[in-house]
Amino acid sequence: MATISLTVNGKAVTATVEDRTLLVQYLRENLGLTGTHVGCDTSQCGACVILVDGRAVKACTMLAAQADGSTVTTIEGLATGDQLHPVQAAFREHHGLQCGFCTPGMIMAAVDMINRRGGALDEQTIRHELEGNICRCTGYHNIVKAIQAASAEMAGMRQAAE
Amino acid sequence: MGVEGIGARVTRKEDRRFITGKGRYTDDIVLKDTTYGVFVRSPHAHAKILSIDTTAAKAAPGVIEILTGADLAGDRIGGLICGWMIHSRDGTPMKAGAHPAIAHERVRHVGDQVALVIAETKAQARDAAELVEVDYEILPAVVDPARAMDADAPLIHDVAPSNLIFDWVLGDEEATEAAFAKAAHVVELDIINNRLSPNPMEPRSAIGYYDEAEEHYDLYTTSQNPHVARLVLSAFVGIAPEHKLRVVAPDVGGGFGAKIYIYPEETACLWASKRIGGRPVKWTSDRTEAFLTDCHGRDHVTKAKLALAEDGTFLALRSDTIANIGAYMSTFSSATPTYLHGTLLSGQYVIPAIFTNVKAVYTNTTPVDAYRGAGRPEATYIVERLVETAARQLGMDPAELRRKNFIRQFPYQTPVILTYDAGDFEANLDKALAAVDYAGFPARKAEAKTRGKLRGIGFSSYIEACGIAPSQAVGSLGSGVGLWESAEVRVNPVGTVEILTGSHSHGQGHETTFAQLVNERLGIGLNNVQIVHGDTDKVQFGMGTYGSRSGAVGMSAIVKALDKVEAKAKKIAAHLMEASEADIVIEDGELKVAGTDKKLPFFQVALAAYTAHNLPAGMEPGLKESAFYDPTNFTYPAGTYICEVEVDPDTGKTEIVQFVAVDDFGRIINPMIVEGQVHGGLAQGIGQALMEGVSYDPESGQLLTGSYMDYCMPRADDVPSFKVDHVTTLCPGNPLGMKGCGEAGAIGSPPAVINAITDAIGNNNLSMPATPAKVWAAINAA
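Chains as they are written, first to last, in this note's numbering: chain S, 1 to 162; chain L, 1 to 782.
Simulated from the structure, these hints should not be mistaken for lab results.
Glycine residues also receive a C-beta, built at the ideal position from the N, C-alpha and C atoms.
Be careful, since some hints might not be right.
Below, a sample of chain S positions facing chain L; criterion: calculated Cβ distance under 8 angstroms [as the list claims (entries may be wrong)]:
{"hint": "1", "residue": "A15"}
{"hint": "2", "residue": "D41"}
{"hint": "3", "residue": "T42"}
{"hint": "4", "residue": "C45"}
{"hint": "5", "residue": "I75"}
{"hint": "6", "residue": "E76"}
{"hint": "7", "residue": "G81"}
{"hint": "8", "residue": "C99"}
{"hint": "9", "residue": "R117"}
{"hint": "10", "residue": "G119"}
{"hint": "11", "residue": "I134"}
{"hint": "12", "residue": "Y140"}
{"hint": "13", "residue": "H141"}
{"hint": "14", "residue": "N142"}
{"hint": "15", "residue": "Q159"}
So that you can see chain L by itself, here it is in the shape it has in the complex:
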């Protein structure tokens, strides 16, 4: 490891602009002649649009145009799509209802967009939006997924009878039920995985610009995957073919999944710019709009059970889930509760038989899609709550019950598709037990009791499938796209390097970690490496950043391109030094002839490639290579988290007094950045466990948590400082041995917290978020 190479704890290259206020986010960009768009949104959860009167609004000062769903339909702009096909157990395809970029004739959730008001200033657009008169016929609404299939529930999309989108199964039902029939112990749980709002701190924003002279569109947007946005807007929505549409995602202020999706507002701004003669149309969400329209996460209602032999050996697991999809199918909404969820139900354990059924339903709520972890937190919560409950039911130590059932041989084929490639689950557990001082827990519990506090400890040994994903595999499971990544390495004549990547950084620090890889390979200082991302005009192809894929997939593509650059550089160096190509090694920024003192600095080889005065016969000038990398398997980060809490029995308030996270992420490029990813994920998982929850009025379908006054975000004094450590087994599937670290914290932590609280209070019947009121009630019900 060099001082700036792989494994070095270097500070981030990108920080200077952010700490001096020079970050450039979408809302910071002002194009010439910009106009401002404000959406009129439905105040009703479910209604027919009888009429829209824009007369008064059109006459308001500064108003340029007001566009409705009828205008959109008239211009034949396509609807938004869900890009992953799921088939029901009877073989029928999922029932996706239409999702127009501006609602037409019917609104299906509070916040559904009904009209777009465009004015010279944002204030004028807001004022005019107040004057748009929409006449609605209010329809009954359903928001609870467990009620969506009831006979008296309103039908949300005609194509989906009973609001059922798909009825999906995975695993062997017969073998699973047979195992339960003969099991010595059966543990059962009813689980609600609470609905969350991702809440990246930067609200979404979009600027659509149509250049009439070039017949070309530009979209500036808060996206985790600008190339996917271009693909969808071109191929499905039909805005323009790809060569006539540029998508730029500049600095993006957090994503967590919410900025993966192709949203209605982007389509509307692009289309509107052309409608008004080519002036840019800019829309920026306010926070209430974000709560109403950014895709939510989780919202599963599950019945789960675990079968065990007399000695605690796991025999079978079954879960039956209703997953809330919301009012429309978002871009990857179908994949989240199915192949990102059911496939993880084996956890870290040998479980011979597994079966899961997921029914996905429409409700009159904001669309639900992947949020940090995406399906895997829900699976982990099922498995780890069942295991902890089993330990209590059988009177076993929860750590030892886990240890007894851990998978120890790799590769391991689970009964639910995945093949785990590497891991050392026992090492994670042992390191976590030592860090938390498990042996000292009884004394700490006794001491807490003297202060009137209930102290508890909870475990979670999670596994996730990341590095999304092998294209052929996901294609066979229904994905509409391949999930490779692309990269280009441009060596300039002076020896500096530009890396063009399809990955997108919105907080992950790619400008630093990707440069560290180049430093490791070519010995070039980080300041001489530029990472270029987030612009489809600069980087030709990409699939973006989600599913903890930028290291395992994005950096693997860079490795492949660097391999090609090195190979060509070696040929040139061998030619210039009259040596054999096989003898050239690259060390510390120099190309050396092994076993001699002959060497050339890298920049001289780069210069030679471009002067082209003396290249090997037949070689093309230049030193620039590109590559696509398609993973061969998912990667499998895994770890053990232990949470220790103190509960005040008088108030029900939980304090997390200790939180230990031991993760195995494979190769770590920058420990400082990886630890930061874990910290952030833990805070989101603790938020889910203790305080966060989207709430709707069950009758009217009104969103009750539409601001930071109502939706409880974790603050600095809600979370502790974390103890974070690592175990490393390299991933055998990619060149750097990386597994991914972005989602682990949010996946592993909720069950650890709830297991700790239920241990403390002696009542296992507690749902998330475990607010003081709920915990107090659980204490007093026990």
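Here chain S stands alone, though its shape is the one from the complex:
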């Protein structure tokens, strides 16, 4: 058993977990944060992507024990109160989701992509960067459009702030 302390969506949490507990299990089963989904067993689908210390991580590839001392953001912690994150808003505006199951991982991966690369992203870059996230509903067309729009908006916001 391992005792872990971490910050999840701004709240400090402490728990004792089995050594083999995956971070995604801890989030879903211990904390009830069921927005992070499990869609495969091989770290291919990306439905479980979260941010650990600001970087995108597939929560099925990390043990809860490895997250000790980390700051974790899940899809539930992305919006600020009622104010959606620009990526969330763009997914809705551009119909970037259908069944919603891959959506949390897609959104978190997109947030990381935009943060990491900066600026307005082009279609080719977005499609390449989405290598680790599978969607079966949308054919990616509107996901790409949503991320493109969000990246442009966030670049504009950064520029305005500077």
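With chain S's structure known, arrange chain L on it following the hints.
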């Protein structure tokens, strides 16, 4: 069109919960005292179970119970059924073998469930499952449908000699062969329609709960049709009568057909909950389990031919298909290769004589059933590959050969049962040709050549039968159920509206589109409309969502119920305003007396219906109506897709550089949602054409594509952005004129892609999936 009514491109009501992580899928639900089930599954494709030793497993930490097929048989729990009877050409009924929810004495495919381990945690159940010792006698296996009827193939079900389930025919064989005998041209193709795994991103999950006090069961499950699940589990499996079984399908993460069926795990979890004294039993599939047990799609082996006159006029078409059903007959497995397939072999064309023969066979593979398109992609692939091949053989332009043979008069009776009611196939083709800039193709091809690339263009003019389906018609063809839909419109005293529907949304956006219909009719804002679905305790009856039926059938039921609500509201308004009922009109959320300035807002009429202080003499209080709608015909979405590819001759890699889809779906409620449905279908069809394929080892029957490491799912950089447009001819058969849009993309696109690649490489001998290795080999064989 109002800003939120029919035709408006409004964003989806349901999105907020999904983008904030508050969707509620089956695996997210934790009932009090939940236990966790893990299945022990067969590692062999075909074997006798000699013994099962659970001693060590039962002693493992946290284990509550371990149940086997013998326990199930002892409790007389019935087997799973196939709900559509098909008769062979000699009149004999199909030969369906037993399908127990837990295998007993014999396993028939890798992944067949052998025991259910129930423990306090999922990890404990997994650990214990490893300790269950099963002694098997391995039997020879057959996985290739083309080999299933061979004399030396192992027999999979004793009831089906030669593994032949049915030998079905449709059409006039004599007339067809006569037409071929005198045809100027005959085009022939051998076709393999590759086996696919539907792969909704949410794995299947089930929670069975038996309430001992009420003697009542609850099932939470990933279903496209919870009412059908309740019907089958009650009437055939015998879990409990319908009034003692509630089925809930909450948010469901994609279906594509794979979540229509009634699977063994649901029965097992319900039954197990009672066996362990009423604690809930929850099972959630992992992805490998999904590859092993979610029904697969397609898997046809076909010989097809088309007869043409000297000038290219189509004379006859014949196809002979072997359809792989897998190890057991799934819920609708018999309908898919027959009445959803053979009936579409006329395509968009006048073909005077058509004949098809389908032999359905058992193999030692996962059951095969409807997957997005279900039979219609296979038919479209046959027709559109034949037509493109004919154009090449005759030296005709493929667009013009299609145009020459298009059906132009409606209604049109095909030689294979269906009566097409409306369409404008030439308009679809012309719009697609313009969008793709067909005239500019030779220049683009020449330019590509300067870069060392082979550029090709391919067409597909598909038609499908949707809006499934007229109950009497499908009953006469073997369906065990009627395929109507039901709806209830509840107007609350404050004027808000709840729509209860038997349709089920698992990505289609019903919460938005159905509310748009209410807005169009009653002028109520979308936020004041709630769509209720997916719970048999709330919605009394339904047939669910598949076959692109929720618009054409589900919304038609809502229209009928709204008609009744409006009629009653008008009576009340006429009474309150002392006007004639015939003069009342409903506009912008108000009931008005035509030609006067007298009016009442809708909510005041609703309130009056419930206060009941001043209603017309003899009228019942309340404003709540229900309706059943039974379609009068199938609907016929149709379109033309054009795919343009560039192939790298050095690597065989195909890049789709342009994809145009022009569809005629009839009335469109929300263009944004409809386009999204097309995009998703196209990606699945392109996946089938280029990369997807379930593969089994031919000797051992082991599944070789059991994870996303092995089964190639389309990723974002495998597909292009799509050019999607519409032509609209209204469907005359239902009140809104809708045809359905859910499956078109997956039906129309595979032949367009393969026609484009074969055009590019100059070799027509190419099977799906057209992987770089296959394309490279085809280039070098040419």
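Results for each hint:
1. A15: For A15/S, the interface hint is violated, since the closest Cβ of chain L sits about 15 angstroms away, which is over 8 angstroms.
2. D41: With Cβ-Cβ at 5 angstroms, under 8 angstroms, it holds.
3. T42: Since the shortest Cβ distance to chain L is 5 angstroms, the answer is holds.
4. C45: 6 angstroms, holds
5. I75: 4 angstroms, holds
6. E76: 4 angstroms, holds
7. G81: 11 angstroms, violated
8. C99: It holds, given that the least Cβ distance between C99/S and chain L is near 3 angstroms, below 8 angstroms.
9. R117: 15 angstroms, violated
10. G119: 19 angstroms, violated
11. I134: OK, holds: I134/S within 8 angstroms of chain L, min 5 angstroms.
12. Y140: 4 angstroms, holds
13. H141: Holds. Min distance 4 angstroms.
14. N142: Interface hint status for N142/S: holds (6 angstroms vs cutoff 8 angstroms).
15. Q159: With a minimum Cβ separation of about 25 angstroms from chain L (threshold 8 angstroms), the hint on Q159/S is violated.
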